[in-house]
Amino acid sequence: MKQRVLLNSAILVSFFVLPWWFSALLSIAALFLVKNFWEIIFWGFVLDIFYGIHGGTNDTFYFGTLFALVLYVASVPVRKRIYIS
Amino acid sequence: MKTTSLKRSKKQGGVARNRVALVFIVCFVLAATQWLFPSVLFRVVYVVSMPFTSIRNFVGGEFSSVGSYFASKESLTSENAQLKNDISAINIKLLSMEALQSELASLQSMVAAKQEKNPLKASQTVFAAVTARPPFSPYDTLVISSGANFGITAGNPVFSDDGVPIGAVENVFPTSSKVLLFSSPGTEISVVVGNKKFETTASGEGGGDFGVKIPVENAPQKGDAVYIPEFSPLAIGVVENVATEPSSAFAEVSFAYPENIFEMSFVTVDTSSHFQINLSSYEATSTAQ
Chain A
78 MKQRVLLNSA ILVSFFVLPW WFSALLSIAA LFLVKNFWEI IFWGFVLDIF
128 YGIHGGTNDT FYFGTLFALV LYVASVPVRK RIYIS
Chain B
63 MKTTSLKRSK KQGGVARNRV ALVFIVCFVL AATQWLFPSV LFRVVYVVSM
113 PFTSIRNFVG GEFSSVGSYF ASKESLTSEN AQLKNDISAI NIKLLSMEAL
163 QSELASLQSM VAAKQEKNPL KASQTVFAAV TARPPFSPYD TLVISSGANF
213 GITAGNPVFS DDGVPIGAVE NVFPTSSKVL LFSSPGTEIS VVVGNKKFET
263 TASGEGGGDF GVKIPVENAP QKGDAVYIPE FSPLAIGVVE NVATEPSSAF
313 AEVSFAYPEN IFEMSFVTVD TSSHFQINLS SYEATSTAQ
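Top line first, the protein sequences correspond to chains A and B.
Adding 77 to a residue's 1-based position in the first sequence gives its number in the numbering used here.
Adding 62 to a residue's 1-based position in the second sequence gives its number in the numbering used here.
Among the hints, a few may not be true.
[Unchecked claim] With a straight-line cut-off of 20 Å between C-alpha atoms, the simulated SDA-like cross-links for lysine to any residue are:
{"#": "1", "chain 1": "B", "residue 1": "259", "chain 2": "B", "residue 2": "223"}
{"#": "2", "chain 1": "A", "residue 1": "112", "chain 2": "B", "residue 2": "76"}
{"#": "3", "chain 1": "A", "residue 1": "112", "chain 2": "B", "residue 2": "305"}
{"#": "4", "chain 1": "A", "residue 1": "112", "chain 2": "B", "residue 2": "85"}
{"#": "5", "chain 1": "A", "residue 1": "112", "chain 2": "A", "residue 2": "159"}
{"#": "6", "chain 1": "A", "residue 1": "157", "chain 2": "B", "residue 2": "80"}
{"#": "7", "chain 1": "A", "residue 1": "157", "chain 2": "B", "residue 2": "82"}
{"#": "8", "chain 1": "A", "residue 1": "112", "chain 2": "B", "residue 2": "79"}
{"#": "9", "chain 1": "A", "residue 1": "157", "chain 2": "B", "residue 2": "76"}
{"#": "10", "chain 1": "A", "residue 1": "112", "chain 2": "B", "residue 2": "81"}
{"#": "11", "chain 1": "A", "residue 1": "112", "chain 2": "B", "residue 2": "88"}
{"#": "12", "chain 1": "A", "residue 1": "112", "chain 2": "B", "residue 2": "87"}
{"#": "13", "chain 1": "A", "residue 1": "157", "chain 2": "B", "residue 2": "79"}
{"#": "14", "chain 1": "A", "residue 1": "157", "chain 2": "B", "residue 2": "275"}
{"#": "15", "chain 1": "A", "residue 1": "79", "chain 2": "A", "residue 2": "134"}
{"#": "16", "chain 1": "A", "residue 1": "112", "chain 2": "B", "residue 2": "260"}
{"#": "17", "chain 1": "B", "residue 1": "146", "chain 2": "B", "residue 2": "305"}
{"#": "18", "chain 1": "B", "residue 1": "259", "chain 2": "B", "residue 2": "216"}
{"#": "19", "chain 1": "A", "residue 1": "112", "chain 2": "B", "residue 2": "83"}
{"#": "20", "chain 1": "A", "residue 1": "157", "chain 2": "B", "residue 2": "292"}
{"#": "21", "chain 1": "A", "residue 1": "112", "chain 2": "B", "residue 2": "155"}
{"#": "22", "chain 1": "B", "residue 1": "155", "chain 2": "B", "residue 2": "84"}
{"#": "23", "chain 1": "B", "residue 1": "275", "chain 2": "B", "residue 2": "322"}
{"#": "24", "chain 1": "A", "residue 1": "112", "chain 2": "B", "residue 2": "327"}
{"#": "25", "chain 1": "B", "residue 1": "275", "chain 2": "B", "residue 2": "235"}
{"#": "26", "chain 1": "A", "residue 1": "157", "chain 2": "B", "residue 2": "81"}
[Unchecked claim] Coverage of chain A stretches by chain B, computed from C-beta distances (three or more under 8 Å per stretch; other residues unrestricted):
{"#": "27", "stretch": "120 to 130"}
{"#": "28", "stretch": "141 to 149"}
Because the hints were derived from the structure by calculation, they are not lab data.
Glycine residues also receive a C-beta, built at the ideal position from the N, C-alpha and C atoms.
Modelling step: build the complete structure from the supplied sequences, incorporating the hints.
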C-alpha cells in the first residue's frame, strides 16, 4: 500500500514537472511493481484531459487512455510469469 | 488436496472477475464524467497543476541560475543557450525584413487593408503565460493562462512573444485555453516555401518540426523561410534539411519553428481574427502541389 501511494505521488509530480514520457515510463514500471495497478488507466485519462484537444473542430483522440488500457490488460499475463521481489 | 486446489481456483477466478469489474467501473465513471461535463475535469486538473507549474518554473528559473554560479560549465551552457535564442530571434527579424524588402508594394496594400478592417487590432491582443507545453504535452499543445474572460474564442491565432505564428486556440475555458500548435502530429497547413515561393501543404511532425515534399526543381535552400500565406510576412519556420535522392522527383524538406517551443513562456493571442487548423489524421502525410 505504501509503495502504491509513493508511486502514484511520483507519477502525479512527474506528470506536471517532467516530460510526458517520464510519467509513462514510471506508470509502466508501476504496473509490474504494484499488484493490479489500475490507476494507469486514470493517469492515461488525465493526460488526455489536460493535454489533449477535445470537443472543438479538432480532436486528438484519447490515445493515452487507450494505450494505458492496452498496457494494463497486457501486463496481467506478463505479471504472472515474472517475479519481482 | 483436490478441494483446496478447487477452492484456490475459484478464489482466483473471483479476483479476476473483480479486477475486470473494477477496470470497467473506472473507465465508465471517467467516460461518463467527460461526456456529461466536458470542461469540468480539465478545470479540476488545471487547478491541481498550478502549484506544480509554479515549482517547475521556480526550479527551471531561479534554482538553475543559482547553480550556474558554482559550475562554470553550467554557466557556459546557459550562456550558449541564451546566445542561440538571441540568434534565432535575430533570424526571425531578418527573415521578416527580407520579406518586407522583396514584397514592399504588396505588403503596403495588405497592411492598409488590415488597418481598414481592424482599426483596433493592437487593443485586441491578449498576452498569456504558458502553463503547459511540449515536452510535457505529448500532443504538441499548449495550455495558456487566459481564456474566455479575456475575450479569447476558439480559432484565435496564437503568436510567440517574438511574433511567430505558432498555432490556434482550440478549447476555451473561463481562465485558461488550449492551443493546438501547427506542428502537432497530423495537422496540415498551407505554406509558401523558400525564395521560389512554392505553395504546398506541410504536415506537422511533433516537437515543433514539419515535413513537406517539394519537386526537386523548386527545392529550397537550407535556411530559407517558410510562411503561412495568412500570416505573411511573419515566417513560421526555417528550412533545416533538404534531402534529395537521384531516383525521386521530390525533395524531402524538413523545417522547424525559428524559436524553441520547449522554452516558450509567454504567447500573444489575436482575438480579432480566426484561423482554422486541419487535423486530418495521425498519419504524417505530405502533399506536393
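Is the Cα-Cα distance between residue 157(A) and residue 76(B) 20 Å or less? 16 Å, holds
Hint consistency between residue 112(A) and residue 79(B) [alpha-carbon to alpha-carbon, up to 20 Å]: 15 Å, holds
Distance restraint between residue 157(A) and residue 275(B), which requires alpha-carbon spacing of 20 Å or less: Distance ~48 Å between residue 157(A) and residue 275(B) Cα, so the pair is violated.
Given the proposed pairing of residue 157(A) with residue 81(B), does the C-alpha separation stay at or below 20 Å? 15 Å, holds
Do at least three Cβ atoms from the stretch 141 to 149 of chain A come closer than 8 Å to Cβ atoms of chain B? n = 4 at 8 Å, threshold three: holds.
Examine the stretch 120 to 130 of chain A: at least three residues should have C-beta closer than 8 Å to a C-beta of chain B. With 8 residues closer than 8 Å to chain B, the stretch 120 to 130 of chain A meets the three-residue bar; holds.
Residue 112(A) and residue 76(B) were given as a pair; does the straight-line alpha-carbon distance stay at or below 20 Å? Given that 20 Å is the threshold and the Cα spacing comes to 16 Å, the pair holds.
Pair hint residue 112(A) and residue 155(B), alpha-carbon separation not exceeding 20 Å: 56 Å, violated
Quick one, are residue 112(A) and residue 83(B) close enough, alpha carbons at most 20 Å? 16 Å, holds
Run the distance test for residue 79(A) versus residue 134(A): straight-line Cα separation, threshold 20 Å. 43 Å, violated
Assess, step by step, whether the Cα of residue 259(B) is no farther than 20 Å from the Cα of residue 216(B), and give holds or violated. Answer violated: residue 259(B) to residue 216(B) is near 30 Å, above 20 Å.
Restraint status (C-alpha distance of residue 112(A) to residue 159(A) at most 20 Å): 12 Å, holds
Hint check: violations occur at hints 1, 3, 14, 15, 16, 17, 18, 20, 21, 22, 23, 24 and 25; the rest are consistent with the structure.
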